[in-house]
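J.: Here's the letter readout for the chains.
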Amino acid sequence: MTDLISLNAAGLADELASGGTSSAELTRAYLDRIEAYDTTLHAFLHVDAEGALAAAHEVDRKRAGGEELSPLAGVPIAVKDLFCTVGQPTTCGSRILEGWVPPYDATVVSRLRRAGLPILGKTNLDEFAMGSSTEHSAYGPSRNPWDTERTPGGSGGGSAAAVAGRLAPLAIGTDTGGSIRQPGALTATVGVKPTYGGVSRYGIVALASSLDQAGPVTRTVLDAALLHEVIGGHDPMDSTSIDAPVPPVVEAARRGDVSGLRIGVVKELGGEGFQSGVQARFEEAVELLVGAGAKVVEVSCPSFVKALATYYLVLPSEVSSNLARFDAMRYGLRVAPEDVDDPSAEQVMAASRDAGFGDEVKRRIILGTYALSSGYYDAYYGSAQKVRALVARDFEAAFEQADVLVSPTAPTTAFKMGEKLDDPLQMYLQDVATIPGNLAGVPGISVPAGLAEDGLPVGFQLLAPLQADDRLYNAGAALERLLLEKWGGPLTPPEVMA
Amino acid sequence: MPDSPHDDPRSAAVAAGTPQAITRDDVAHLAGLARIALSDAELDRLGPELSKIVEAVATVSQALEGREDVEPMSHPTPLRNVFRDDDVRPTLTPEDALAMAPAAEDQRFLVPKILGEE
Numbered sequence: 001m002t003d004l005i006s007l008n009a010a011g012l013a014d015e016l017a018s019g020g021t022s023s024a025e026l027t028r029a030y031l032d033r034i035e036a037y038d039t040t041l042h043a044f045l046h047v048d049a050e051g052a053l054a055a056a057h058e059v060d061r062k063r064a065g066g067e068e069l070s071p072l073a074g075v076p077i078a079v080k081d082l083f084c085t086v087g088q089p090t091t092c093g094s095r096i097l098e099g100w101v102p103p104y105d106a107t108v109v110s111r112l113r114r115a116g117l118p119i120l121g122k123t124n125l126d127e128f129a130m131g132s133s134t135e136h137s138a139y140g141p142s143r144n145p146w147d148t149e150r151t152p153g154g155s156g157g158g159s160a161a162a163v164a165g166r167l168a169p170l171a172i173g174t175d176t177g178g179s180i181r182q183p184g185a186l187t188a189t190v191g192v193k194p195t196y197g198g199v200s201r202y203g204i205v206a207l208a209s210s211l212d213q214a215g216p217v218t219r220t221v222l223d224a225a226l227l228h229e230v231i232g233g234h235d236p237m238d239s240t241s242i243d244a245p246v247p248p249v250v251e252a253a254r255r256g257d258v259s260g261l262r263i264g265v266v267k268e269l270g271g272e273g274f275q276s277g278v279q280a281r282f283e284e285a286v287e288l289l290v291g292a293g294a295k296v297v298e299v300s301c302p303s304f305v306k307a308l309a310t311y312y313l314v315l316p317s318e319v320s321s322n323l324a325r326f327d328a329m330r331y332g333l334r335v336a337p338e339d340v341d342d343p344s345a346e347q348v349m350a351a352s353r354d355a356g357f358g359d360e361v362k363r364r365i366i367l368g369t370y371a372l373s374s375g376y377y378d379a380y381y382g383s384a385q386k387v388r389a390l391v392a393r394d395f396e397a398a399f400e401q402a403d404v405l406v407s408p409t410a411p412t413t414a415f416k417m418g419e420k421l422d423d424p425l426q427m428y429l430q431d432v433a434t435i436p437g438n439l440a441g442v443p444g445i446s447v448p449a450g451l452a453e454d455g456l457p458v459g460f461q462l463l464a465p466l467q468a469d470d471r472l473y474n475a476g477a478a479l480e481r482l483l484l485e486k487w488g489g490p491l492t493p494p495e496v497m498a
Numbered sequence: 001m002p003d004s005p006h007d008d009p010r011s012a013a014v015a016a017g018t019p020q021a022i023t024r025d026d027v028a029h030l031a032g033l034a035r036i037a038l039s040d041a042e043l044d045r046l047g048p049e050l051s052k053i054v055e056a057v058a059t060v061s062q063a064l065e066g067r068e069d070v071e072p073m074s075h076p077t078p079l080r081n082v083f084r085d086d087d088v089r090p091t092l093t094p095e096d097a098l099a100m101a102p103a104a105e106d107q108r109f110l111v112p113k114i115l116g117e118e
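Sequences listed follow chains A and B, in order. So the first sequence is residues 1 to 498, counted in our numbering. So the second sequence is residues 1 to 118, counted in our numbering.
Rather than coming from a laboratory, the hints here were simulated on the basis of the structure. Keep in mind that this is a model prediction, so the values were computed, not measured. Heads up, the beta-carbon is just placed ideally off N, CA and C, and yes, glycines get one too. Certain hints may be false.
What the hints assert, rightly or not - Derived EDC-like pairs: lysine to aspartate or glutamate, alpha-carbon spacing no greater than 20 Å straight-line:
| # | chain 1 | residue 1 | chain 2 | residue 2 |
| --- | --- | --- | --- | --- |
| 1 | A | K267 | A | E396 |
| 2 | B | K113 | A | D339 |
| 3 | B | K113 | A | D327 |
| 4 | A | K362 | B | D44 |
| 5 | B | K52 | A | D422 |
| 6 | B | K52 | A | E149 |
| 7 | A | K295 | A | E396 |
| 8 | A | K362 | B | E42 |
| 9 | A | K362 | B | D40 |
| 10 | B | K113 | A | E338 |
| 11 | B | K52 | A | D423 |
| 12 | A | K362 | A | D423 |
| 13 | B | K113 | A | D341 |
| 14 | A | K267 | A | E287 |
| 15 | A | K362 | B | D26 |
| 16 | A | K416 | A | D14 |
| 17 | A | K486 | A | E284 |
| 18 | B | K52 | A | D359 |
| 19 | A | K362 | B | D25 |
| 20 | A | K362 | B | E49 |
| 21 | A | K362 | B | E55 |
| 22 | A | K486 | A | E287 |
| 23 | A | K295 | A | E400 |
| 24 | B | K52 | A | E338 |
| 25 | B | K113 | A | D342 |
Claimed, not checked - Chain A stretches covered by chain B per the calculated footprint, using a threshold of three residues with CB under 8 Å from any CB of chain B:
| # | segment |
| --- | --- |
| 26 | 231-245 |
| 27 | 310-318 |
| 28 | 373-385 |
Bound-form chain A, shown alone (with noise of 0.2 Å):
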């Protein structure tokens, strides 16, 4: 069984197609995984054990009778709580959707369900998405099996710590500012941020719809690649999707060839405000990229300075307008407000929305109403929407000198639970170097690059121009093959490990 556990999604796909073993084999053996280990880690909101196996038998008999099948199908997975599922609890974290079962799919999980991936259960988040600790879930915070003193960062923090602690082989999570690729650096597990549109939005929750974007959480890149296109192209129900092929993602995973590569270093993520240990990871595995036959530019993107505030201007606008629909009227948490003899709609939703929201949830919400108001409009959300474009614009520019840019993908390692509770601006800066391409919608990666100073894994952010992602996965896998060999094998955490 350890064996089976051991194994990445690429290898456990092979074993399932040798018949070295069966889906429902390996579901179980991901179930007691999570049985004995999430009362720790509490990476799952909600664990669905018997729609899993029964998915898990599904593929079998279809294996079974000689059906083809998606390379992935019977690996099983688990999915962030902000996906709509069906016959499944959709809460976002929140208090507001406590218990609400969703009556549709979303396209990523009905995707997975085609594919024949069995969903082992629905990961913990920050609230809607909101935070970057999961310290922010009204269901109490996911641990980081590095270091369970400590977040597994955020908002996907639950996904994040369920791969990294090998209660899944798999994950499905969503970055809007970093969600996917901050909770991967801090984890040493591999998180992708697909181009805005390549993966549909249909039935994910939405935090700030401009910038949303669903993608993989795995143990490598190979893994990202088979995941990314099982959930990755074109969906009617999105109109933002994008109508065109899945770059060629498994291919470029597979692939991992540098030479020639252009890689350049953003002069502005990184260096001061760097944990040095990150900072010195960071710059090892650019070396490492040399060695292999990259070629590295120092770029410069001046506006990347402002995306951090940029971007606190655009999300909370988004927000609130896309959690107004939270009005207690159709689904959801409905409260009466104390002292009021039949109360007027108006009042119920004032009362549920205070009840059901969370703090930080609240403070975006208001937040973005104050940056939307008459009056601040312009000096707020405007200046924030060109200052948008000019990141765009730094981005075109840098991608005309490099194939891909490079940087930490968070600034520090993982922190410890509360550290930044009480100081939201000191939560935010988590993301500063994830943002900018959330702002543009490029694609980005994390991968994993080693440990710190403190024994905390640190993560290697690859940025990669709008529909080339195919460049993240060629230039990521590389990275992960070139490290592998120096650490003699994969980084596997010290806790909660059998």
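Position chain B against the provided structure of chain A, taking the given hints into account.
T.: The following block gives chain B in isolation, referenced to the frame of chain A:
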């Protein structure tokens, strides 16, 4: 809506990097617009918290010095209207649509009164 940021004194203060602090009354007004019945403790806390955040984000305009002509960007990809095919497709049944309703009656959502009584 003022024509330029500087036409409104509040926006001008933001552009100059000196946004006004958000007061308790401001928070109460915004919470009303956002339909959140904040408690007294929340109203007390949010003013100073938001003022700090606003002070940080108000610096965006610094990146625009000399570049006011740039076109605002709302979205990473060009948006265009998308029509679906005009096919008859299955929709939710009333039972499915109402299954998660806080209250329902006669195949309809039951909601509190929406008009004043006086």
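J.: Verify the proposed pairing of K362 of chain A with D40 of chain B, using a straight-line Cα cut of 20 Å.
T.: The given pair, whose Cα atoms are some 14 Å apart, holds under the 20 Å limit.
J.: Is the listed coverage of the segment 231-245 of chain A by chain B valid when you require three or more residues with a beta carbon under 8 Å from a beta carbon of that chain?
T.: As far as the segment 231-245 of chain A goes, the hint holds, because 4 residues have Cβ atoms under 8 Å from chain B.
J.: Just to be careful, I want the Cα atoms of K52 of chain B and E338 of chain A compared with a cutoff of 20 Å; is the pair within it?
T.: violated, 32 Å
J.: Between the alpha carbons of K267 of chain A and E287 of chain A, is the straight-line distance 20 Å or under?
T.: holds, 16 Å
J.: Are the Cα positions of K267 of chain A and E396 of chain A separated by 20 Å at most?
T.: Roughly 15 Å between the alpha carbons, so the hint for K267 of chain A and E396 of chain A holds.
J.: Is the Cα-Cα distance between K295 of chain A and E400 of chain A 20 Å or less?
T.: holds, 14 Å
J.: Does D44 of chain B lie within 20 Å of K362 of chain A when you go C-alpha to C-alpha?
T.: holds, 14 Å
J.: Holds or violated: K362 of chain A with D25 of chain B, Cα cutoff 20 Å?
T.: Between K362 of chain A and D25 of chain B the Cα gap is close to 16 Å, so the pair holds against 20 Å.
J.: Keeping to a limit of 20 Å between CA atoms, is the pair of K295 of chain A and E396 of chain A held or broken?
T.: Within the cut-off at roughly 19 Å; holds.
J.: Are the Cα atoms of K52 of chain B and E149 of chain A separated by 20 Å or less?
T.: Outside the cut-off at roughly 29 Å; violated.
J.: Run the distance test for K113 of chain B versus D341 of chain A: straight-line Cα separation, threshold 20 Å.
T.: holds, 12 Å
J.: Checking one constraint from the list: CA of K362 of chain A to CA of E55 of chain B, max 20 Å. Satisfied?
T.: Roughly 18 Å separates the two Cα atoms, so the pair holds.
Going down the numbered hints, you'll see the structure goes against 6, 16, 24, while the others check out.
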